[in-house]
Amino acid sequence: MSHVTDERETIVRVCDVVKDFRPGFGLRRKRILHGVTFDVHENEIFGFVGPNGAGKTTTLKVLMGLIRATEGSASILGCDVAESEFRHQVGFLPENPYFYPFLTAREILDFYARLSGVPASERARRVDQLLGTVNLGHAMDARLKTFSKGMLQRVGIAQALIHDPKVVFLDEPMSGLDPLGRKEIRDLILSLRADGKTVFMNTHILPDVEMICDRVAIIVKGQIRHQGRIEDFLPEAGRKTDVVLGGLPPETADSLGERFDLKMRGLGDRVELQVAEKDVHQVLDSAISAGAEVVSVTPQRNSLEDVFLDAVRAGGAPE
Amino acid sequence: MNSLSRIYALANNTFREAIRNKLLYMLLGFSVVMISSGVVLATLSYVEVHEILQDMGLAAIRFFSVGIAIFVGIGLIHNEVDRRTIFTILSKPVSRNEFLVGKWAGLTFTVWLLLALMAGAFAIVSLLAGAPLGLDHLVAIVLIGLELMVVVAIATFFSSFTTPMLAALFSVGLWMIGHLSRDLHALGQQSEVGTVTTMANFVFLLMPDFEVFNKTLEAVHGLPIDSGEIGLAFVYAVGYTVCTLILGAMIFSRRDFK
Ligand SMILES: Nc1ncnc2c1ncn2[C@@H]1O[C@H](COP(=O)(O)OP(=O)(O)OP(=O)(O)O)[C@@H](O)[C@H]1O
Ligand SMILES: [Mg+2]
Numbered sequence: 000m001s002h003v004t005d006e007r008e009t010i011v012r013v014c015d016v017v018k019d020f021r022p023g024f025g026l027r028r029k030r031i032l033h034g035v036t037f038d039v040h041e042n043e044i045f046g047f048v049g050p051n052g053a054g055k056t057t058t059l060k061v062l063m064g065l066i067r068a069t070e071g072s073a074s075i076l077g078c079d080v081a082e083s084e085f086r087h088q089v090g091f092l093p094e095n096p097y098f099y100p101f102l103t104a105r106e107i108l109d110f111y112a113r114l115s116g117v118p119a120s121e122r123a124r125r126v127d128q129l130l131g132t133v134n135l136g137h138a139m140d141a142r143l144k145t146f147s148k149g150m151l152q153r154v155g156i157a158q159a160l161i162h163d164p165k166v167v168f169l170d171e172p173m174s175g176l177d178p179l180g181r182k183e184i185r186d187l188i189l190s191l192r193a194d195g196k197t198v199f200m201n202t203h204i205l206p207d208v209e210m211i212c213d214r215v216a217i218i219v220k221g222q223i224r225h226q227g228r229i230e231d232f233l234p235e236a237g238r239k240t241d242v243v244l245g246g247l248p249p250e251t252a253d254s255l256g257e258r259f260d261l262k263m264r265g266l267g268d269r270v271e272l273q274v275a276e277k278d279v280h281q282v283l284d285s286a287i288s289a290g291a292e293v294v295s296v297t298p299q300r301n302s303l304e305d306v307f308l309d310a311v312r313a314g315g316a317p318e
Numbered sequence: 000m001n002s003l004s005r006i007y008a009l010a011n012n013t014f015r016e017a018i019r020n021k022l023l024y025m026l027l028g029f030s031v032v033m034i035s036s037g038v039v040l041a042t043l044s045y046v047e048v049h050e051i052l053q054d055m056g057l058a059a060i061r062f063f064s065v066g067i068a069i070f071v072g073i074g075l076i077h078n079e080v081d082r083r084t085i086f087t088i089l090s091k092p093v094s095r096n097e098f099l100v101g102k103w104a105g106l107t108f109t110v111w112l113l114l115a116l117m118a119g120a121f122a123i124v125s126l127l128a129g130a131p132l133g134l135d136h137l138v139a140i141v142l143i144g145l146e147l148m149v150v151v152a153i154a155t156f157f158s159s160f161t162t163p164m165l166a167a168l169f170s171v172g173l174w175m176i177g178h179l180s181r182d183l184h185a186l187g188q189q190s191e192v193g194t195v196t197t198m199a200n201f202v203f204l205l206m207p208d209f210e211v212f213n214k215t216l217e218a219v220h221g222l223p224i225d226s227g228e229i230g231l232a233f234v235y236a237v238g239y240t241v242c243t244l245i246l247g248a249m250i251f252s253r254r255d256f257k
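Protein chains in written order, with numbering that gives the first Met the number 0: chain A, 0 to 318; chain B, 0 to 257.
Bound conformation, chain B alone (with noise of 0.2 Å):
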């Protein structure tokens, strides 16, 4: 109880401080710029109007979120050991581990509130535009909601242990693979070499795959979700944001504050 209050206190000073940050409102401006901007390119065009304005809108939601999510995300541990502010916080009874998730959960929040506002946006010019809209579109962007935290956690993870510029590398190196790990998968499996394939799919268990948060498509084309895959990407996100968060307390357990 007394580790949850502790979390809780971490969580809500990290979202505090990144609702301060004026960088994250000009990000936010600018998706939901980018996701309105569908409207005039669906004007342009006469097929499709709504599938390229939706198409759009959430691949802006993705591309954004998840770029604030990193760019916040690899200075988070980083930045607090670099100004020493984790020095009076670790004095007190706050385990390395609670302030690790602590500082996880309170990203965690904001980027789900950013998406929250991103969202609310899209409906907005959805209904401005006449598109349909339906349970297929928020069931697309929860998903975008649980790739954003894993995403954190990866970024979490990257920044407990080096810069805020490797962790950007590492962080966006692993959030594209992610989304290609199924294309990789798919063109090993063509290779005639027995070992190719074998290796195609030992990477491809490693590797993260982010396509199972991808249900654009489906919400776009009113086509069907199977709820299986939803459960399914719930536990993924789940079971991938707690690996990682893990494995980088294991981690940052070790390292010596200079």
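One chain only, chain A, in its complex shape (with noise of 0.2 Å):
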């Protein structure tokens, strides 16, 4: 089920990225990135969360190129960011995605393509299949002014991939998009998985991350706080597993409840019990020996959610 990433190429190389900005003339500089530093593996979906404000979109920037670090290196595939030739093999989707609002949706993807250096006779067919792909295939040949905003979103992720670039980077993916379209790209993006590209994405919709990522990075203020597998986000101590019994002699109940720390719950003839992960062993075995039948045996993930929040207010202003 989980990924193994550790041993993989390294695909994104961000190391000790400083960035200040200058708000405006003559005013004192401010620092938005504290040199950040992470690596993003091949071929495994990143996630890169944080509060509103941290500097996802500015960090993502400095790897697209469009702004310049002040200080520290970034690199893609091997190449600095600040060439261009190997942009072919990356995609970006921008936040709240813009484009020329007098092309239809047709042409502003075939004007990618032609950018992206897809060969004449592919394009037409990519477009198609792209188009299709996001669900714009009913208004490929409408303005994109007349777009809303989750189908612009859809452009966005679909100029991203159409070039069948090796990395795509997404910046809030499932902004704007209903829960249909969230569940869709979420598909998306598992599938680009499995067909072996390596996706970044910054968001702070944390369950998405839980659901698809399979690293997370979490940036608060400007400053990597956490990084690691997803897996990994919770100290061992802490995780439960739920195990489902039927046919648990009340006796053996007793006794398991005296042995070991754990929650029990009754389900009409079954019994649900909340067993920390190092115990399950020997719980399933006694309650196996005493007849109980074993109706399920659940894994249960504490949510990211808390292992975020702390980072976040853990995090005194670094200034």
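In case anyone wonders, no lab produced these hints; they're calculated from the structure. Where hints are given, some of them may not hold.
Under the rule of at most 35 Å between Cα atoms (straight-line distance), these lysine-lysine pairs were calculated in the DSBU-like manner [as the list claims (entries may be wrong)]:
{"no.": "1", "chain 1": "A", "residue 1": "148", "chain 2": "B", "residue 2": "257"}
{"no.": "2", "chain 1": "A", "residue 1": "144", "chain 2": "B", "residue 2": "257"}
{"no.": "3", "chain 1": "B", "residue 1": "257", "chain 2": "A", "residue 2": "220"}
{"no.": "4", "chain 1": "B", "residue 1": "21", "chain 2": "A", "residue 2": "144"}
{"no.": "5", "chain 1": "A", "residue 1": "29", "chain 2": "B", "residue 2": "257"}
For clarity, every value in this text was computed on a predicted model and none was experimentally measured.
Mind assembling these two chains? They're in different frames, but the hints should get you there.
Here it is, written out as structure tokens:
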């Protein structure tokens, strides 16, 4: 189920990136990124999460070469982000994307396909296929100025994928989408991973991250607070497993309650036990030897939200 | 080769955007009215009818084509950054230099097309009025085309780092200086003070000289046009454009798009 990613090739490398903005002429420099460092490995879905204003979009802009890092270095597929030639292997969906309003969806995608060097023979087919993928088949020939926010978001996703890039960067991919649209995009991102692509996504929607990301970095006030595989976010001791048993004799239940630290709840003729991960084996052994039937065993992952909220709260101002 | 096809795609798109601008058609229509109004004026005066007609016509062509070039050019880069359309474009294998050149090429092509339309109107009006029409007129109009190329480069340059308002101010200012610099230079030469003369010479070297593109007088009055001067105008236009774009690219490549 979970993807082993740590031994894979590094696709994106961000090393001690510092970014200062000067809000206006003569104004004091404001440090937005305070030495951001992280790696994205091949064929993983990397979630870059953080509260509003944490510096997610700024980091992504450094990676896209739209702004230059004040200090530090960033590379994608081994190429410095200041270069442009390697970008035929890179797709990018900006935050709240906006496109030439006078073009149709088909025209704009053809334009991006040309810029990305998609051969003329494949362009029309790619454009049609992608507009289908993002469910805009019905609006192909409508001018973009008539598009809703969610439709523009879909165009943005289509243009990010038009040249079949190896690495895809998405800034808030689910924003502006309806629940069905969000599910579609989640499935699309998963299918990208299945096709061997690497996906980097900025978001603050934690359930989405838990559902699809392999690894996560949490950024707060321009500093990376946590980074690692999604499973590693919880301390080992804190993990619980839900065990549902049928036909558990009452005396066994009592003795289990005495021997282990667990919560027990009756569900009709079944019992649900919340067991610490380290005790699961022993609990199951005792229950089975007492003649109980195992209905389900579900490892319970504490929500990423807890870690996230802790990180945000712990983060005093770095100034 | 790849670079050229990307520049072509960008230029093509700039052209498409420009020709969907309704104000452009208004300006084009107005210029045609101005070109034709020479006929009316010409019928009112008794002497040099054709000269007045064609003088006004060519002046209107220069004025309106340069006006459109500046009007569209000042927002050319700024709007792309402002509306964030540049984000997705630069995330493709497009360098900032290619972007700048593509935008410049697209607008230059657009104003050349408009120049051709105005020239057509000029020819029709001249024929209707029975004015002579020759190769000299064509030369005068081609030279306006060269001037447009430079003006678009200047507007693109300013648009790559400042607001449309300021870009308009700078571009119009530079264009006017370009047409007055010879007079200013001549004025400086008349000064008794040596330093003033030297300064006038220096300023003349730095400032554009757009009078090299002005052969209206010769065309209208049937005076000979030196082919060497045409060659010089061509070299001047290309040189000025290349330098302006290189300078623009240098500034543009350092920008942050926030
Ligand atoms: N153009 C700018 N000039 C000055 N400061 C800016 C500019 N753009 C962003 N900032 C500052 O940079 C910080 C990080 O902004 P950024 O857009 O990277 O945040 P984010 O993590 O993407 O937030 P969100 O979740 O709201 O998209 C913010 O504190 C913001 O005030
Ligand atoms: Mg953001």
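Fill in: Structure-inconsistent hints, enumerated in ascending order
Result: no hint breaks.
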